[in-house]
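K.L.:
Sequence:
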Amino acid sequence: MTELVVPDDQWNNFLKDRQGAIAGARTAERFHWKIGDRIPIKTTLYGASSWEFNLDGIYHSDRPGGDESQFWLQWKYFDENAPAVIKSTAGWYVVKLDSPDDAVRVAKAIDEKFANSSFET
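Heads up, the sequence shown is in the working numbering, so the first residue is 16 and it goes up one at a time.
Among the hints, erroneous ones may be present.
Taking lysine-lysine and the BS3-like style, the derived pairs with C-alpha atoms no more than 25 angstroms apart in a straight line are [said to hold, decoys possible]: (1) 102 - 128; (2) 91 - 57; (3) 123 - 111; (4) 102 - 91; (5) 91 - 31; (6) 111 - 49; (7) 31 - 57; (8) 49 - 91; (9) 49 - 102; (10) 111 - 128; (11) 102 - 57.
Calculated from the structure, these hints are not laboratory results.
When you get a sec, could you build the whole thing from the sequences and use the hints?
P.N.:
Okay, structure coming up:
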């Protein structure tokens with residue numbers, strides 16, 4: 016079980032697209048989005064900011080009741096237009112592992128990278 020599943024072709028398109036996004040199946044259904052749609056998103060947080068994304072993928076959960084409501088984006092594109100108060104920060108990361116057996120090792124490596132920083136994980 017991998018939990019969140021994105022078809023390889025969609026994942027690869029997302030990785031190549033600076034304005035790419037992947038939406039959960041529930042979110043895509045709610046807003047009637049389909050692969051290839053251009054999605055404008057506007058926020059009033061930290062002042063008015065808006066971004067446009069290309070929907071490169073839709074993920075599904077292979078766990079009963081799994082979360083299919085997230086919206087993933089390319090951090091670099093977001094950060095280029097982010098207000099100064101949140102520039103160069105991240106709230107969470109999505110990490111794709113080759114094997115679930117790598118999870119503890121990868122999590123530890125991420126924690127070590129940010130140890131003793133202003134933004135410890």
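K.L.:
Each hint needs a verdict: does it hold in this structure or not?
P.N.:
Structure-based check of all given hints:
no. : hint      : in the structure
1   : 102 - 128 : 19 angstroms, holds
2   : 91 - 57   : 17 angstroms, holds
3   : 123 - 111 : 15 angstroms, holds
4   : 102 - 91  : 10 angstroms, holds
5   : 91 - 31   : 12 angstroms, holds
6   : 111 - 49  : 23 angstroms, holds
7   : 31 - 57   : 23 angstroms, holds
8   : 49 - 91   : 23 angstroms, holds
9   : 49 - 102  : 30 angstroms, violated
10  : 111 - 128 : 17 angstroms, holds
11  : 102 - 57  : 17 angstroms, holds
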